[in-house]
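Protein chains: 4
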Amino acid sequence: MQIKSTIHLLITGGTLDKQYQASTGELFFPGTHLPILLKEANSTLAIECTVLMQKDSLNMTDEDRAQICQACIDSPQKAIVITHGTDTMVDTALVLQQQADLTSKTVILTGAMRPFMLGNSDASFNLGAALMAAQLADPGVYIVMNGQIFNADNVQKNRQLGQFKPL
Amino acid sequence: MQIKSTIHLLITGGTLDKQYQASTGELFFPGTHLPILLKEANSTLAIECTVLMQKDSLNMTDEDRAQICQACIDSPQKAIVITHGTDTMVDTALVLQQQADLTSKTVILTGAMRPFMLGNSDASFNLGAALMAAQLADPGVYIVMNGQIFNADNVQKNRQLGQFKPL
Amino acid sequence: MQIKSTIHLLITGGTLDKQYQASTGELFFPGTHLPILLKEANSTLAIECTVLMQKDSLNMTDEDRAQICQACIDSPQKAIVITHGTDTMVDTALVLQQQADLTSKTVILTGAMRPFMLGNSDASFNLGAALMAAQLADPGVYIVMNGQIFNADNVQKNRQLGQFKPL
Amino acid sequence: MQIKSTIHLLITGGTLDKQYQASTGELFFPGTHLPILLKEANSTLAIECTVLMQKDSLNMTDEDRAQICQACIDSPQKAIVITHGTDTMVDTALVLQQQADLTSKTVILTGAMRPFMLGNSDASFNLGAALMAAQLADPGVYIVMNGQIFNADNVQKNRQLGQFKPL
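Protein chains in written order, with numbering that gives the first Met the number 0: chain A, 0 to 166; chain B, 0 to 166; chain C, 0 to 166; chain D, 0 to 166.
None of these hints come from the bench; they were simulated from the model. The reader is advised that the hints may include incorrect statements.
The list makes no distinction among identical chains, and a pair is therefore deemed to hold if it is satisfied within one copy or across any two copies.
Stated by the list, open to error - Quick list of in silico lysine-lysine cross-link-like pairs, PhoX-like style, CA-CA up to 20 Å:
#	residue 1	residue 2
1	K156	K38
2	K38	K77
3	K54	K38
4	K54	K156
With the rest of the complex left out, here is chain A (with noise of 0.2 Å):
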């Protein structure tokens, strides 16, 4: 067991990020929360953190992804965590696996059902999972929610239950 020491954090958005807008009463991307988050888990981990984009995952486009992918080819770390909405986290996923650049990487995808800033949410929960599980697992691509790690090419999102699964 290694413990890479450095984590690559690349922000992308979903629910993990959205905020409530009381003028519109809507959702919106005020912008990253993950500073407040780390502060609020007392996180001493050396990350190196890039906002690649504030997207409900539903509008992430091929580009969008290319550009996720070529982030984690460009990171100089062996260890990233990606946050990211969860209606299409094995889309990205899967498209990261099929990266032969990145094999000798540990690249985690996470997310959250509930926005960190309505509370009660488990996005940090979450985000201690998948930091951990870059640090301390083998490389290849997965997913961490629900407290479990998942390959990228054996899972699957449960709409009605909000879960992710084996397939």
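Dock chains B, C and D against chain A, hints included.
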């Protein structure tokens, strides 16, 4: 990398489980909040849960540590997470590490600097990280705090910073 | 100053009662949260509580307003608090003010700019102010928001600021 | 009914303003949270704010009460809200009521059974009620807690229930 599928969660109390008592203006243990935390986290892990005690770790005795040890030995699971007060977490970890009967198990101690029920707590983040470490880490006794995993014999708590650091 | 001893709380929905639905990523009405709010507030007021509807006030019809009116007229109480969406709160207040049958009652409309269940909400503050105004204010129809009490015929909502102001 | 337009908020501490200190595991006074509370509440009231002290009301001395009295007398406002610990709130209210110089002012004491910063608190509800009572109530000294308004000479705290009741 072998992922352990069932986790035994041993609950001993600590700051994580404290709550504010309005009638006295003090913190107390009304019973563990771990089930609430795991539900909020949408955990689908197979978790066996045992409440051993509800104690401030400053009040833990040798008998308490012997009881925790025995619970780890008696557990049918290879992956164990112990929630524990932070002040003497290292002491308990060292006792567990000296147990010859535990060398085939992955034992993770974790806790929180702020009670889960007071909001803005590190509890969910720490528990997410600890449960993932229990699934992925090699056999041994570890402390998971601040997003990091420490070997039981190479960690100390810096009380002024409220952070765990290597020796 | 005569303090009215029992308050009739008429619940119509509005932002105050919305909650985030993880499966859809949208806000919805799972049922009123007023009992939770009043318990958290340690209220010992004698409150009679009626849920008339659970509606976004933008969707309120003339029939809905007629129903609210009738509920105020039918109430045996002299002090009435109505929870209501903020977007058309003034419209409903004006309808109530035109009711000759209500001139002997103190009717207070209030609501919230952020749902109670999302945390960091103005709901508890507004309800505390509204319930106090219902006990103390002279008969009439009022809106209580932003810590202030406005006559029904001298108030408007500034949507950009999300605040109520005199005309 | 005459609505007082500006309110003097005198802050003395009490449970409302306490926060959890991670390094010691105890509650302390890091400075008042009233501005945060009022912002969350979207208050647009004209409020003049003075921090007199940050004290647990069990530690309040005759000198402290004399200081609070003097601040009420010196205030240019007719409407005054005092935040105060609940344990000796009645004592302070009675001292204020004996002040001949205050008979033309409406003075409201309020507080909280759970600190604002611990979440799920009664602080915002109580402050909303107190600020409204300060605007509407006849001159006199009152306690506003549990959604109710009590005359200073007809109220006691039931410590077991954590509620204020008439004598």
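Each hint, compared with the structure:
no.: 1; hint: K156 to K38; result: between (29 Å within a copy, 18 Å between copies)
no.: 2; hint: K38 to K77; result: neither (23 Å within a copy, 32 Å between copies)
no.: 3; hint: K54 to K38; result: neither (23 Å within a copy, 27 Å between copies)
no.: 4; hint: K54 to K156; result: within (19 Å within a copy, 31 Å between copies)
Hint compliance for this structure: hints 2 and 3 are broken, all remaining hints hold.
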